[in-house]
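Participant: Spelled out, the chains give:
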Amino acid sequence: MQANALEHLRGPMERALELGKANGASAMRITAHQGESQSIGFQAGRLKNADGSDGMGYSIHVVKDGRSGAASGNMPDMLENMVERALALTQFGAVSHFTEYPAPADSYASPKLYSPSVKNLSQEKQLADCQELVDFLKSKEDGLDIEAGAKVHESQSLLMTSGGFVGETHSGGWSISAGFQRTAGTDMLFSGAWRSGIQLNDLYDLDYLKQEMAFDLEYGSRTATIADGAYPVYIPPAWLGSFLRPISMGISGRSVFKGTSPLGDQLGKACFASNLTIVDDPHTDFRGESSGYDGAGIPTIRRNLVENGVLQHFLYDWDTAHMASQAPTGHDGCAPHTMLVKPGDTDSRAMLRSIDKGIYIRQLLGFGQGNLGNGDFSCNIALGYVIEKGEVVGRLKNAMAAGNILELLKGDIRFSSDVDPQTRQPYAILSGVNIVSRNA
Amino acid sequence: MKERLLDALKNCDADYAEVRFEESDGSGFSYRGKELEQASTGCSCGGLVRACKNGGWSTSSFDSLDDLPEKVHQACRNAALVGHEKTCLAEAELPDDQVFTATLKRDFRGVSMEEKVKQLTAYNDILLHSTEGVESSAIRYTDTFRKVYFASTRGSYFMEERPRVTLFLQAFAKDGSRIQQAFESLSSATDYDVVLNHEQMAADVARRAVDLLNAPKCPGGRQTVILDPAFAGVFAHEAFGHLSEADFLYENPKMRDLMKIGRQMGAPELNIIDDGSLGSLIGTHAVDDEGTPTRRTELIRDGVLAGHLHSLETAGKMGEAPTGNARAISAGYPPIVRMTNTYIDAGPLSKEDLFAGVDDGIYAVSAFGGQTMMEMFTFSAAYGYRIRNGQICELLRDIVVTGNVFETLYSIDGIANDLCIHETAGGCGKNGQFPLPVTHGSPHIRIRNVVVGGEA
Chain A
1 MQANALEHLR GPMERALELG KANGASAMRI TAHQGESQSI GFQAGRLKNA
51 DGSDGMGYSI HVVKDGRSGA ASGNMPDMLE NMVERALALT QFGAVSHFTE
101 YPAPADSYAS PKLYSPSVKN LSQEKQLADC QELVDFLKSK EDGLDIEAGA
151 KVHESQSLLM TSGGFVGETH SGGWSISAGF QRTAGTDMLF SGAWRSGIQL
201 NDLYDLDYLK QEMAFDLEYG SRTATIADGA YPVYIPPAWL GSFLRPISMG
251 ISGRSVFKGT SPLGDQLGKA CFASNLTIVD DPHTDFRGES SGYDGAGIPT
301 IRRNLVENGV LQHFLYDWDT AHMASQAPTG HDGCAPHTML VKPGDTDSRA
351 MLRSIDKGIY IRQLLGFGQG NLGNGDFSCN IALGYVIEKG EVVGRLKNAM
401 AAGNILELLK GDIRFSSDVD PQTRQPYAIL SGVNIVSRNA
Chain B
1001 MKERLLDALK NCDADYAEVR FEESDGSGFS YRGKELEQAS TGCSCGGLVR
1051 ACKNGGWSTS SFDSLDDLPE KVHQACRNAA LVGHEKTCLA EAELPDDQVF
1101 TATLKRDFRG VSMEEKVKQL TAYNDILLHS TEGVESSAIR YTDTFRKVYF
1151 ASTRGSYFME ERPRVTLFLQ AFAKDGSRIQ QAFESLSSAT DYDVVLNHEQ
1201 MAADVARRAV DLLNAPKCPG GRQTVILDPA FAGVFAHEAF GHLSEADFLY
1251 ENPKMRDLMK IGRQMGAPEL NIIDDGSLGS LIGTHAVDDE GTPTRRTELI
1301 RDGVLAGHLH SLETAGKMGE APTGNARAIS AGYPPIVRMT NTYIDAGPLS
1351 KEDLFAGVDD GIYAVSAFGG QTMMEMFTFS AAYGYRIRNG QICELLRDIV
1401 VTGNVFETLY SIDGIANDLC IHETAGGCGK NGQFPLPVTH GSPHIRIRNV
1451 VVGGEA
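Sequences listed follow chains A and B, in order. Per my numbering, the first sequence runs over residues 1 to 440. Per my numbering, the second sequence runs over residues 1001 to 1456.
The hints are simulated quantities; they were obtained by calculation from the structure and are not laboratory data. Just so you know, even glycine gets a beta-carbon here, dropped at the ideal spot from N, CA and C. Hints should not be assumed to be uniformly reliable.
[As the list claims (entries may be wrong)] Over 10 Å on every C-beta distance to chain B, these chain A residues come out as not near it, computed from the model:
no., residue
1, N49
2, V118
3, E154
4, T186
5, F190
6, D265
7, A270
[To be verified] From the structure, some residues in chain A lie toward chain B, with a derived Cβ separation under 7 Å:
no., residue
8, S53
9, N74
10, L365
11, G366
[Said to hold, decoys possible] Calculated lysine-lysine pairs in the DSS-like style (CA-CA distance at most 25 Å, straight line):
no., chain 1, residue 1, chain 2, residue 2
12, B, K1254, A, K140
13, B, K1010, B, K1147
14, A, K48, A, K210
15, B, K1034, B, K1118
16, A, K342, A, K112
17, A, K138, A, K48
18, A, K48, B, K1254
19, B, K1430, B, K1147
20, A, K151, A, K125
21, B, K1010, B, K1086
22, A, K48, B, K1217
23, B, K1147, A, K138
24, B, K1254, A, K210
25, A, K48, B, K1086
26, A, K410, A, K269
27, A, K138, B, K1118
28, A, K48, B, K1317
29, A, K138, B, K1254
30, A, K342, A, K269
31, B, K1260, B, K1430
32, A, K140, A, K125
33, A, K119, A, K140
34, B, K1430, B, K1254
35, A, K410, B, K1086
36, A, K125, A, K48
37, B, K1147, A, K151
38, A, K119, A, K151
Could you build all of it, start to finish, from the sequences and the hints given here?
Facilitator: This is how it looks when you write it as structure tokens:
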């Protein structure tokens, strides 16, 4: 991607801001984005496709006479027309709780979101690495349906507000993945693993991907049953974030103000177990979720959302902050940048060994289809294992896990001392999850 | 446009190549609580070149037709680097008509923003004020008008207009920290007026959200479940329909064997159909995104596996006829094998017959969502009721069922005669392409020994 790929839009965006102002907009924001990617894919154990993508787009938000309108497009010569369409929407449009965007702050964090090291990841290396993963799976077992893929991407974005804020971001990264399907009669086992990053560093780890899939190849070969009931479940880092979604939904300042958050009256209260601390960290370098500012130009800060079980903050974007008479917190859509759980003091393997009878969840199917905002989940354990006396004894089939996450997080929960470098999350044990299976 | 697209493909040295280009325009409004939260409009264009050489594929996306020649060259060059076998694509008849304009009874593009917002405001008032205990509401309205242009090296060309309007109504009720929600949604490809006259539906949504606050959770365990047509339609789509998509089968010998035509799948009364040519539904098109005319495909006939859903490649490699099921959510994505309008056909029983056969069970109504991993599926009902002695009793919440599709299809022991096909505001997701407009339908069906999640 060429440097300053959006430079040609800077002038038109400035003129569009002027156009909005001349037509009565009291506040206006334009965001433009240009991105490109290249990917390869293996299907059925062989190279199948090589794809390239590039494109641009922009979005416009205007406030006029206390009402807002939004427009989006991808044709640069239509920019002014789309400003006019956004302005027209304000006649009937949404109530805006602010009239102006803020002036830029004195300073912003500037986490690095691009590393030139990704340029060292040639398509030839990606092909060779995917082939290595495919060959590894082929060597493990005949008859697997094997997939693998790799991708590199790069993008630039430009944000301008009528408050005078200008933000530019250059980001990029890589990803690699592999997976297999084992079919035996009507029984199917799906497993896969992936890694992604911005810097080309130790995260790019083929051995990790092999280990993850080898685990499922080995333990997925034998099945096990468990009587219906409530059990501790061992949750890997990749799934811990999903179990925190009721909290991230509940601390949305908009949900709190609209009365749809079950945590609305819990600020400052001990509403979770005392060993639960959750950190929102938008400033770590080379993390896709990092940003120094939100869409209004409000600086972001690192903060504990939950500290020792006590709820610390609700999150407010610029509009919601004005609606709820709160200070803006630098969160677009009132959503956290990260939900990182503070590690515990026991190694993850020792934690697993401590479970007398329970379930190791590797994949869930349909996790978000319940009333998750209320904390309720009820979903299929797509890939899970029965744990007995600290050992994984076999795969659990045709089973569902259910419970209320907000209640479970008040109870006996444990977190590992080791943290997954990809997600920055520990392993966890949640106690008292209801398990129902067909084969019990 | 036709000449421009075909010209761009003229010097292409791939075994097969196609260009899809799309122009899209639309608007959307959303309420959340008392306030209209968003009023938006969008206008974009873009396309994708897809080429196949020696069995290898490559795609290249673009925003502007000015870039088309270079993108065709890129895709052809990369496909040649990938492929190392014989290209095998089925032949498909070219459509007689090449321009498929939409026929809208009332075109949403002619409806003023003021009128749209006024209608939504009226619904929102009902959601918020018709029932005591409603804490908040959500409404989403969208309309989009897409024009899709297509040309391929086989000389085929089409332009199809694809309009869609959607409406989603939701209410939230709250009692202390307990929050429940209820919703309804609808969609149409033919008429703006389908979003009108749903005042009673809004009132029902509000009432149900409040009622669910005091409804008990569905008991977990193995249960007899009667699915209403909306929920059973999702079952047909999620549990079986995806398994019929031949891109999951064509390069996997074990899956091909498992899904062999002629395999007994269920009772003789069971018939499942996918029909992309059915009426003027949101899943209906004249042609798919490879230019193949859509058609009716029997997937299960009289309880026996009768067909698969195909793209040109899967049909070619499986030696079957293409079915017109290669679809993409927009021009930026490649077509993959997808469903269109999928339904369980009407059976011999009355709805009353089904209930009369249940001493203790669950009546699952309307679908909240669903997912599948081939043989394994899970989906949740929006709400439901306990059945006792054949009678519908107390309201239940949090009804989620799961199972193995092969076992579950065999466990269907009753199919009613009240087939209904639903056009909802959501869509189908696969390989990162969501939401694709599809419909699903069914009569009431009864399934024995289904795993229901919850406290045992």
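Participant: Look at each hint and say if it fits the structure.
Facilitator: Hints, one by one, checked against the model:
1. N49: violated (4 Å)
2. V118: Fine: 20 Å to the nearest Cβ keeps V118 of chain A off the interface.
3. E154: holds (15 Å)
4. T186: violated (4 Å)
5. F190: The claim is violated: F190 of chain A sits with its nearest Cβ about 6 Å from chain B, within 10 Å.
6. D265: violated (8 Å)
7. A270: Holds: least Cβ distance 14 Å, greater than 10 Å.
8. S53: Nearest chain B Cβ about 4 Å off; hint holds.
9. N74: holds (4 Å)
10. L365: holds (5 Å)
11. G366: holds (4 Å)
12. B:K1254 with A:K140: holds (18 Å)
13. B:K1010 with B:K1147: holds (23 Å)
14. A:K48 with A:K210: holds (21 Å)
15. B:K1034 with B:K1118: holds (14 Å)
16. A:K342 with A:K112: holds (23 Å)
17. A:K138 with A:K48: Satisfied, since the Cα-Cα distance of roughly 17 Å is no more than 25 Å.
18. A:K48 with B:K1254: holds (20 Å)
19. B:K1430 with B:K1147: holds (22 Å)
20. A:K151 with A:K125: holds (11 Å)
21. B:K1010 with B:K1086: The given pair, whose Cα atoms are some 22 Å apart, holds under the 25 Å limit.
22. A:K48 with B:K1217: violated (47 Å)
23. B:K1147 with A:K138: violated (45 Å)
24. B:K1254 with A:K210: holds (23 Å)
25. A:K48 with B:K1086: Since the Cα atoms of K48 of chain A and K1086 of chain B sit roughly 12 Å apart, the hinted pair holds (cutoff 25 Å).
26. A:K410 with A:K269: holds (12 Å)
27. A:K138 with B:K1118: Roughly 61 Å separates the two Cα atoms, so the pair is violated.
28. A:K48 with B:K1317: holds (14 Å)
29. A:K138 with B:K1254: holds (16 Å)
30. A:K342 with A:K269: With Cα atoms ~19 Å apart, K342 of chain A and K269 of chain A stay inside 25 Å; holds.
31. B:K1260 with B:K1430: Since the Cα atoms of K1260 of chain B and K1430 of chain B sit roughly 23 Å apart, the hinted pair holds (cutoff 25 Å).
32. A:K140 with A:K125: holds (23 Å)
33. A:K119 with A:K140: violated (32 Å)
34. B:K1430 with B:K1254: holds (22 Å)
35. A:K410 with B:K1086: It is violated: about 60 Å lies between the C-alpha atoms, which goes past 25 Å.
36. A:K125 with A:K48: Satisfied, since the Cα-Cα distance of roughly 16 Å is no more than 25 Å.
37. B:K1147 with A:K151: violated (30 Å)
38. A:K119 with A:K151: holds (12 Å)
When held up to the earlier numbered hints, the structure conflicts with 1, 4, 5, 6, 22, 23, 27, 33, 35 and 37 and fits the remainder.
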